[in-house]
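Protein chains in written order, with the working numbering: chain A, 4 to 555; chain R, 9 to 173.
Hint data in this document are derived by calculation from the structure and do not stem from the laboratory. Bear in mind the structure is a predicted one, so any value in this text is a computation, not a measurement. Check before you lean on any hint, since a few could be wrong.
The calculated lysine to aspartate or glutamate pairs, modelled on EDC-like cross-linking and capped at a C-alpha distance of 16 angstroms, are [what the hints assert, rightly or not]:
1) A/40 to R/115
2) A/168 to R/90
3) A/548 to A/523
4) A/194 to A/141
5) A/194 to A/228
6) R/170 to A/9
7) A/251 to R/90
8) R/170 to A/8
9) A/80 to A/358
10) A/194 to A/143
11) A/550 to A/519
12) A/369 to A/303
13) A/80 to A/361
14) A/13 to A/115
15) A/334 to A/143
16) A/13 to R/149
17) A/438 to A/513
18) A/327 to A/447
19) A/548 to A/516
20) A/199 to A/140
21) A/40 to R/119
22) A/222 to A/264
23) A/548 to A/513
24) R/170 to A/291
25) R/89 to A/247
26) A/168 to A/247
27) R/89 to A/37
28) A/369 to A/392
29) A/327 to A/451
30) A/548 to A/503
31) R/170 to A/289
32) A/550 to A/527
33) A/80 to A/110
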Amino acid sequence: MYRYDEFDHKLVQERVTQFRSQVARRLAGELTEDQFKPLRLMNGVYLQLHAYMLRVAVPYGTLSGPQMHMLAHIARKYDKGYGHFTTRQNIQYNWPSLEDIPAILDDLATVEMHAIQTSGNCIRNVTSDQYAGAAADEIEDPRIWSEIIRQWSTFHPEFTFLPRKFKFAVTGMHTDRAAIRFHDIGIEVVKGTDGKPAFDVYVGGGQGRTPMIAHLIGKAVPAGDLIAYLEAIMRVYNMNGRRDNLYKARIKILVHSLGAEEMKRQVEEEFALVTEQGIPFLPAAEIERIRAYFQAPAYETLPDTSDALDAALAENRRFGDWVKTNVAPHKVTGYAIANISLKPVGGIAGDASADQMDLIADLTTKFSFDEIRVTHEQNLTLPFVRKDDLYPLWQALEAAGLGDPNLALITDHIVCPGLDYCALANARSIPISQKIAERFADLDRQHDIGELKIKISGCINACGHHHVGHIGILGVDKKGTEFYQVSLGGSADETSSLAEIVGPAFTEDEIVDAVETIVETYLDARENDERFIDTYRRIGKAPFKEKLYATH
Amino acid sequence: MPLIKNGSFADDEWVSVGDEDDLPSEGGVIVSLTRWLAERDTLLGRNTPLGVTLAAGEVPDAIVTDLDRLQLVAVQFPIYKDGRGYSSARLLRERHGYEGEIRATGEILYDQWFAMARCGIDAFEVAEGTTLAAFDAAMNELSLVYQRTGDGRPTVMELRHKSSD
Chain A
4 MYRYDEFDHK
14 LVQERVTQFR
24 SQVARRLAGE
34 LTEDQFKPLR
44 LMNGVYLQLH
54 AYMLRVAVPY
64 GTLSGPQMHM
74 LAHIARKYDK
84 GYGHFTTRQN
94 IQYNWPSLED
104 IPAILDDLAT
114 VEMHAIQTSG
124 NCIRNVTSDQ
134 YAGAAADEIE
144 DPRIWSEIIR
154 QWSTFHPEFT
164 FLPRKFKFAV
174 TGMHTDRAAI
184 RFHDIGIEVV
194 KGTDGKPAFD
204 VYVGGGQGRT
214 PMIAHLIGKA
224 VPAGDLIAYL
234 EAIMRVYNMN
244 GRRDNLYKAR
254 IKILVHSLGA
264 EEMKRQVEEE
274 FALVTEQGIP
284 FLPAAEIERI
294 RAYFQAPAYE
304 TLPDTSDALD
314 AALAENRRFG
324 DWVKTNVAPH
334 KVTGYAIANI
344 SLKPVGGIAG
354 DASADQMDLI
364 ADLTTKFSFD
374 EIRVTHEQNL
384 TLPFVRKDDL
394 YPLWQALEAA
404 GLGDPNLALI
414 TDHIVCPGLD
424 YCALANARSI
434 PISQKIAERF
444 ADLDRQHDIG
454 ELKIKISGCI
464 NACGHHHVGH
474 IGILGVDKKG
484 TEFYQVSLGG
494 SADETSSLAE
504 IVGPAFTEDE
514 IVDAVETIVE
524 TYLDARENDE
534 RFIDTYRRIG
544 KAPFKEKLYA
554 TH
Chain R
9 MPLIKNGSFA
19 DDEWVSVGDE
29 DDLPSEGGVI
39 VSLTRWLAER
49 DTLLGRNTPL
59 GVTLAAGEVP
69 DAIVTDLDRL
79 QLVAVQFPIY
89 KDGRGYSSAR
99 LLRERHGYEG
109 EIRATGEILY
119 DQWFAMARCG
129 IDAFEVAEGT
139 TLAAFDAAMN
149 ELSLVYQRTG
159 DGRPTVMELR
169 HKSSD
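For reference, chain A alone in the conformation it holds in the complex (with noise of 0.2 angstroms):
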C-alpha cells in the first residue's frame, strides 16, 4: 500500500499545527462557533445532536494492521471505546471533546492517517473497490488511480469551496463494488487503445434527496490526461454548478439540467484549453512511482485446494455457511478474499469495539499481508487470505463475535446513525435494521432467501444508501411520528438502477411485517436460484404492492 513520503508527512504534520491553532482560536474565544464552522468542516468535525463528531479519513478504504491499532487506540482513548465505520470507507468518532481533537489528529499523523476534506464543500475522500488487487479481471489496482487523485485534491486551492461537496469512486474493473455511477465523479479503469489503463469517467450520479445514475461522458481517457479532465470538470462545476439552493448544489443538477451531452461538451472545451496550457499535471515518474506502492504482496506458491479448509469444511456448519458468503475468489491460486461482517444480529451496523480493531489488525499481520479494507457497505475486509487460514482466522473471528456468516444477507444493512445521533435526522435507522435483523435472524433462513441488500436513512438526505437498496427504507416525520418508507429495485451495482417506491409508509410496528410480506412474496415468485432483486426486475413492483397493502 501506499506509504508517505517526507513530502506528505510534512504537509500533514502542518495541517495537524494549522487545525491546533483554529481550534485554540475558538477556545480563547476569539473565533465564534458561527466563524469557526467553516473551518471545523474542513477537518471532519461535525457538531452532532449531543458531541462533536470527528471523521477520519481511510483513503480509498485501505488499512494496515499498524493504522488499525492506532484507530483502537483513539477509540479507547479518546471516545467510548467504539468506532464507527462508513459508508465513505471513513471511520466516525462520536464523543471526543474538542479540545483533543488536536492531539487525535498529531496520533494520526504518526501513522500517516488525517481527517483532510472529510467534510465540507470540497473534494472529499476517494473511494474505491475493497477487492482491488485482490480481483481476477482487474484492469489495474484501482488505489494507484485513488491515490493520485487524493493527492491532487488535497488542498486544491480553486476547489476547496464548490457549491457542495464532492465524491469520488474508482474501480479497477468493470464489476463495480464501488457505487462508482452513484458517485459525482466514478471513475472504471479500462484498456486503452494502446492497451495501457485509461479511464472511463461517470458524471452526475448521486443519492440524496434527488437520486441520479452518472453518465458516461469521458470514454477511455488516457492516464495522462486523467488530471487534465478531471480538473476541466471541477471548473465547468465550480463556475456553472448552482449556488442559490443547497438541494440544488450538486454537479447531478447541473448534469441534469444542462444535459449529459452539453456537459460533455462543455467538460471537453474547457479540456481542450487546459491541455493547451500546457501544465505539467502528472509526470510519467510519478506514476510510476505511485504505481511501484501497489505491487503484489509475495505471495506463496499454493495449490487451488486446501486439506486443512476442506476438513474445516466438514467438521464446522457455521464456517461453512461463512465461507459461502463471506468468502470471496482471489486472482491468485490458493488465497480468498475473507469478508468481516460489522452486522452481528442485534448491533449497530459498521461499529467496531477497540478490542475488535485491535484483533483484526492483529489477524491482518498475521493473516493478509497486513492490510484491511473497509467496505462501503460497512464491513471489513482481508483481501490476501491463504485458504489454509481461513479457518484459524474466522475461529480468532468468531471468539470476538465478528464471525458472522451473512455477508450481503437480509441482516447486513446499510444504515445511517439517524435520530440516535445526527441533527439532520427525521427517524431513528439503527434500531429499525436491529428489529428486521433479529426478525431474521435464523441463519437457514438467511441462507435460504439469499443475496438481499437493505439499506436503510433516517432522512431524505439518504447516507443510508435508500435509493439503491434491494429494499430501501426511508424514515419520514409525520407530524413527531415516525414512519417508513418502502422502494425496491435499487441496485448500486454496475446494472446500476433506482428503488421504486412501493406505496404509502409504514409505522415502526409495521414495517418489520412489510419486509416479512415482500421476502414471502420473493420467495413465492422465485425461479430456481434468483436474486431477490432478479426477481424483482423479472416481476416488477406490482405483486408487492398487491401483498403489501392487500389488508389496509
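Got chain A; can you put chain R on it based on the hints?
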C-alpha cells in the same frame, strides 16, 4: 477597508464607483462589469487607470479582449463559501496572461488567503484590525503543494522527481 498588496499594507489608490455615480475627475476607478460594457469607450477616453469588478458568476471571458487596458480586476466573494472567484482568478492569470492587480473583495477569511494567492490574487481587502503578522502566518501555514498553478511554486511531484534525479 485595509488593503494588503503583494504582502504589505498599501494605500488604496482606487475608487470604486457605483453604476449610478458620477465618475471622479481624476484617479483610478473601479466599475462594475455592467458599467464597463455600457460605457467602455467613455472610460477608455479618460486616460486614468481603469479597473473592473467581476461579481460572483461573471466570467473573465467578458473582459478578455480588454485586459491590456485594465490595470486592476477585482474578484468579488459575496460570501466565503462562494468559490467561483478562485476559478476566475486562475483563468485571468494562467489562461489569459493578465499581469495587472487581481484584488479579492467581499467576505474573505484568514484561512482562504493562501488559496487565493495560489490562484493569482495579489491584493486583499481585509477586515479592520488584520495584522501583517496574521497575513504572513496564513501564507506560510502550508509549505508544500500538490497542484501546479500560476504561482510557480514547484509541486510535491516535481520536488520528488528532482530529488531523485
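Tested hints:
1. A/40 to R/115: Status holds; Cα separation ~15 angstroms.
2. A/168 to R/90: Since the Cα atoms of residue 168 of chain A and residue 90 of chain R sit roughly 13 angstroms apart, the hinted pair holds (cutoff 16 angstroms).
3. A/548 to A/523: Given that 16 angstroms is the threshold and the Cα spacing comes to 12 angstroms, the pair holds.
4. A/194 to A/141: At roughly 10 angstroms apart (the allowed maximum being 16 angstroms), residue 141 of chain A and residue 194 of chain A satisfy the hint.
5. A/194 to A/228: 15 angstroms, holds
6. R/170 to A/9: Holds. Residue 170 of chain R to residue 9 of chain A sits at ~14 angstroms (cutoff 16 angstroms).
7. A/251 to R/90: Given pair residue 251 of chain A, residue 90 of chain R holds - Cα atoms ~15 angstroms apart, limit 16 angstroms.
8. R/170 to A/8: 14 angstroms, holds
9. A/80 to A/358: 12 angstroms, holds
10. A/194 to A/143: 9 angstroms, holds
11. A/550 to A/519: The given pair, whose Cα atoms are some 11 angstroms apart, holds under the 16 angstroms limit.
12. A/369 to A/303: 14 angstroms, holds
13. A/80 to A/361: 14 angstroms, holds
14. A/13 to A/115: 10 angstroms, holds
15. A/334 to A/143: Satisfied, since the Cα-Cα distance of roughly 12 angstroms is no more than 16 angstroms.
16. A/13 to R/149: 11 angstroms, holds
17. A/438 to A/513: 11 angstroms, holds
18. A/327 to A/447: 12 angstroms, holds
19. A/548 to A/516: 14 angstroms, holds
20. A/199 to A/140: 15 angstroms, holds
21. A/40 to R/119: 12 angstroms, holds
22. A/222 to A/264: This hinted pair holds, its Cα atoms lying about 13 angstroms apart.
23. A/548 to A/513: 15 angstroms, holds
24. R/170 to A/291: 15 angstroms, holds
25. R/89 to A/247: 11 angstroms, holds
26. A/168 to A/247: 15 angstroms, holds
27. R/89 to A/37: 13 angstroms, holds
28. A/369 to A/392: 10 angstroms, holds
29. A/327 to A/451: 12 angstroms, holds
30. A/548 to A/503: 11 angstroms, holds
31. R/170 to A/289: 11 angstroms, holds
32. A/550 to A/527: 12 angstroms, holds
33. A/80 to A/110: 11 angstroms, holds
No hint from the list above goes unmet by this structure.
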